[in-house]
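Chains as they are written, first to last, in our numbering: chain H, 1 to 451; chain W, 1 to 306.
Honestly, the hints are just simulated from the structure, not real lab data.
In this text the structure is predicted, and so the values were computed from the model without any measurement.
Misleading hints may appear alongside valid ones.
[Said to hold, decoys possible] Simulated DEER-style distance windows between Cβ atoms: (1) H:S228 / W:F41: 38 to 44 Å; (2) W:K116 / H:D92: 45 to 51 Å; (3) W:Q240 / H:G140: 51 to 57 Å; (4) H:D92 / W:V92: 49 to 55 Å.
[What the hints assert, rightly or not] Among chain W residues calculated to face chain H with C-beta under 10 Å, some are: (5) I59; (6) Y70; (7) Q75; (8) G143; (9) S216; (10) L251; (11) T258; (12) G273; (13) Q275; (14) Q298.
[Said to hold, decoys possible] Facing chain W, according to a computed beta carbon distance under 8 Å, are these residues of chain H, among others: (15) G88; (16) T91; (17) F447.
For each residue, glycine too, the CB sits at the ideal point set by N, CA and C.
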Amino acid sequence: MNTIRRRTLARSAALAGIVSLGLTACGSGDAGSGTEAPSSADAEQSMEAALEKGGELTAWAWDPNMQEIVDSFEEEYPNVTVNLSNVGTGTDEYTSLQNAIAAGDGIPDVAVLEYYALPQFALGGALADLTPYGAADLDGTFSPGTWESVQQGGKIVGLPQNSGPMAMFYNKAVFDAHGIEVPTTWDEYYEAAKTLHEADPNAYITSDNGDPGFVESMIWQAGGRPYSVDGTDVSIDFSDEGSQKFATQWQKMIDEGLLSSVNGWTDEWFQGLGDGTIASLVTGAWMPTNLESGAAAASGDWRVAPMPQWEDGESVTSENGGGAMSVMEASENKELAYAFAHYVEVGPGTQVHLDKGNFPATLAELNSDEFLNKEVEYFGGQKINEVLSQSATDVAPGWQFLPYQPYANSIFPDTAGKAYIDASTTLADGLQSWQDASVKYGNQQGFSVNK
Amino acid sequence: MTMASVSTGRGSVAPAVRRSRRRWTGWQFVGPFMVIFTLVFLAPIAYSIYISLFRTQLIGGTSFVGFDNYVTAFQDPQFWSGVSRVALLLLVQVPIMLGIALLVALAIDSGRLYGKSFFRISIFMPYAVPAVVAALMWGFMYGTRFGLIGNINDAFGTSIPDPISSGFVLAAIGNIVTWEFVGYNMLIFFAALRTVPHSLYEAAEIDGAGQWRIISAIKLPAIRGALVIATIFSIIGSFQLFNEPSILQSLSPNYITTYFTPNLYAYSLSFSGQQYNYAATIAIIMGVLTMLVAYVVQLRGMRKEV
Chain H
1 MNTIRRRTLA RSAALAGIVS LGLTACGSGD AGSGTEAPSS ADAEQSMEAA
51 LEKGGELTAW AWDPNMQEIV DSFEEEYPNV TVNLSNVGTG TDEYTSLQNA
101 IAAGDGIPDV AVLEYYALPQ FALGGALADL TPYGAADLDG TFSPGTWESV
151 QQGGKIVGLP QNSGPMAMFY NKAVFDAHGI EVPTTWDEYY EAAKTLHEAD
201 PNAYITSDNG DPGFVESMIW QAGGRPYSVD GTDVSIDFSD EGSQKFATQW
251 QKMIDEGLLS SVNGWTDEWF QGLGDGTIAS LVTGAWMPTN LESGAAAASG
301 DWRVAPMPQW EDGESVTSEN GGGAMSVMEA SENKELAYAF AHYVEVGPGT
351 QVHLDKGNFP ATLAELNSDE FLNKEVEYFG GQKINEVLSQ SATDVAPGWQ
401 FLPYQPYANS IFPDTAGKAY IDASTTLADG LQSWQDASVK YGNQQGFSVN
451 K
Chain W
1 MTMASVSTGR GSVAPAVRRS RRRWTGWQFV GPFMVIFTLV FLAPIAYSIY
51 ISLFRTQLIG GTSFVGFDNY VTAFQDPQFW SGVSRVALLL LVQVPIMLGI
101 ALLVALAIDS GRLYGKSFFR ISIFMPYAVP AVVAALMWGF MYGTRFGLIG
151 NINDAFGTSI PDPISSGFVL AAIGNIVTWE FVGYNMLIFF AALRTVPHSL
201 YEAAEIDGAG QWRIISAIKL PAIRGALVIA TIFSIIGSFQ LFNEPSILQS
251 LSPNYITTYF TPNLYAYSLS FSGQQYNYAA TIAIIMGVLT MLVAYVVQLR
301 GMRKEV
């Protein structure tokens, strides 16, 4: 269900502000950071010209840091006025955007969209190709996973803002108390889950009620590529090896009652993360700020480890969440819009994001010593960004989302969700019925799905 | 009727000019109402019917499809599962709710209750709580970990499952709705009971009737109209069930599906699926269905009254 991921981002965004108070050490605020991006002189020049000429831009974003970036942008380029508005988080914004596009009126110049929603808008032709404005020169500026996500149909449809490479967050105090080694493979994870739950019937290795974003990330890591999209030709196939590998492994966890049924992002969930009854989370790199604020009770107990692997000794990861800033095709001043997006995602805006604890998408930040060496008190002084940054570079290539992923995710609980509550439905069956429903919707919407 | 016959009567005598002017005067009085009525009642319905005849696709745009959406809806198992779910709620929850409301209204009206106005206010109070808040509140109470259910389980060593994360989800929602609307229905019944002339009770007492006899022979027949009205409101309310499942969905997504009730289905179709046309179709079918059921109830109720 997409609301889970949507809330994920809302939370991480909303909480980032609070948490940043404790992380002042990392902000050296040099406005020049990020300009080392290889940018051809022409593009640079036309961007400067557009900024000098000025104009008015409308930007849609729900990230609370954006206002600060806009303020400093307007200060630096007084001729430009940016009207920032928050029209809702995730799906709410996409609905408004879809409506504005349908009406042909009230479309913003730039908008922040999550990666999984990009294909939907790109396919409808709503997003401008940024190549003519110099975006192609940014190849190598962003982590490979995020850069791949903004390439849609041969176009560059956005500049990555943040990313969520997967990692395992675990409560070391709980693991130690029961003598559990940090699992490095999914089989070890399963064994750890059993050991923990046998030792303490109230404790679970993790909670999962069925989250489409998690399922996608797991299948992605396992090598499954259930979605493939070529224009309007779409294929959905959850019977591929990677998907089945995940379904089989996770079925054991469900069958043996090793997963807590507490819903993600509820008070109960944070309580569980704080009191050790939910002992680990495999999720995106944006999680730390949420743990710090939501599960403050367990400060010092949590650690970050690489995502467990399907094969021993591998290091393959996937992404979960994150988004990019796109320029709308309907914008009347795309050059200026791109210049603004560039400022936010490649220029000085990146430092603000970083200071607020967002996980960056730019390699310069990901590889900077300041970032990598930051010792986070909540994680017992561990340099967690070393693990998270490594994960960002290990993201497996080739994943695609459906051009109507937000809707597909919203019907996950109706279909695959049954597998989590009904012993007679297996996860493989659930994925199959999710596939059927997604195929049906796609064909109704004029795509050619599995034909 | 009388107005019309009078005007035709005079019209036959008066010149044609006067007749047309008089007609115009009538429209001037009705006009402002008709404009508002058309804008806020008729136009949205007409527009819904209009868009239900089209289909908009992400690929291919909008095309006229006639009654295709209606054909699809009648064959849509998800839609009908939602309809049967609210129908079940209607059959079970509405009688319970109205029964409790009637009992309370009779008790308060009996004059034998101490703290009459206290009970009246406190039973009505839940209706003043916004449905969204009520659903959230019950959602917390139903929690097995920190909620009321959790406390009961701890205190008595029972293992009652979380009602909204189990097969009892519909009963749990029915319970919330009952809690919210007993007071409202009670007030309708109570107001109707207050209009019964006291002389009837005195006459009944003189005739030697007991309280039960007074209730069955005087009070219930006197408020039959109110009972029918309350039933019709409840039918409409059940068919439109939306707030409670929509709020609780985030606590229990696997049990409360996106097509849990017809309204929720229409909402999901239009806001996460961009299927505005089909959502309008669902809304129109539900509107007609609700009107039919309410009409049948009204016919039956009124016939009995005569």
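Tell me the hint numbers this structure goes against, listed in increasing order.
1, 4, 6, 7, 9, 14, 15
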